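Peer 1: All residue numbers for the sequence shown refer to UniProt numbering, where the first residue is 1 and numbers rise by one.
Rather than coming from a laboratory, the hints here were simulated on the basis of the structure. This structure is a prediction, so every number in the text was calculated from the model and none was measured. No false leads were mixed into what you were given.
No farther apart than 25 Å at their CA atoms in a straight line, the calculated lysine to any residue pairs in the SDA-like style are these:
{"hint": "1", "residue 1": "K5", "residue 2": "Q128"}
{"hint": "2", "residue 1": "K5", "residue 2": "I134"}
{"hint": "3", "residue 1": "K78", "residue 2": "M62"}
{"hint": "4", "residue 1": "K5", "residue 2": "G20"}
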Amino acid sequence: MKTAKYPEKIAALWTTFLLGTLFHTQLGLMPLFHGQSIVESHQTSNLDPIFWGMLLFFLLPMLAIIGVNFSESRSLRKAHFWLTILYSVLNLAHLIADLLVRPIAWYQIALMAILLIIGLILNLVSYQWLRLAIANPRHLSESH
Numbered sequence: 001m002k003t004a005k006y007p008e009k010i011a012a013l014w015t016t017f018l019l020g021t022l023f024h025t026q027l028g029l030m031p032l033f034h035g036q037s038i039v040e041s042h043q044t045s046n047l048d049p050i051f052w053g054m055l056l057f058f059l060l061p062m063l064a065i066i067g068v069n070f071s072e073s074r075s076l077r078k079a080h081f082w083l084t085i086l087y088s089v090l091n092l093a094h095l096i097a098d099l100l101v102r103p104i105a106w107y108q109i110a111l112m113a114i115l116l117i118i119g120l121i122l123n124l125v126s127y128q129w130l131r132l133a134i135a136n137p138r139h140l141s142e143s144h
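Sequences are here, hints too, so could you generate the full structure?
Peer 2: Quick look at the structure:
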């Protein structure tokens, strides 16, 4: 793998993940652009909690991108690593949930599998960045 700086690798992976997540949402809405309906909820309900959850889901990686590029602290690296683990678990759960929807949209499954792989790579790079801080505390004061 090319020897880029860890924050740059992490930012690239988070950005790719966020773009893939946006595309996943767009794919779900594509039938609307072709005159077809999409699955609707059984009743009208307050969607605010869902929208706040989606905002949080996108906001945390955006803050992570900023954080890893502006701080080298060990505590940030540790929190970031666990954030990547959480997102991988959520991705796996979402992939499984998509497999339970009938009919199965295989293009969505393929995209979710790719996002899961990106997430696992993000876990690995984040872990390597954390291990660097643990193995060499002086590295925190040097260039990343």
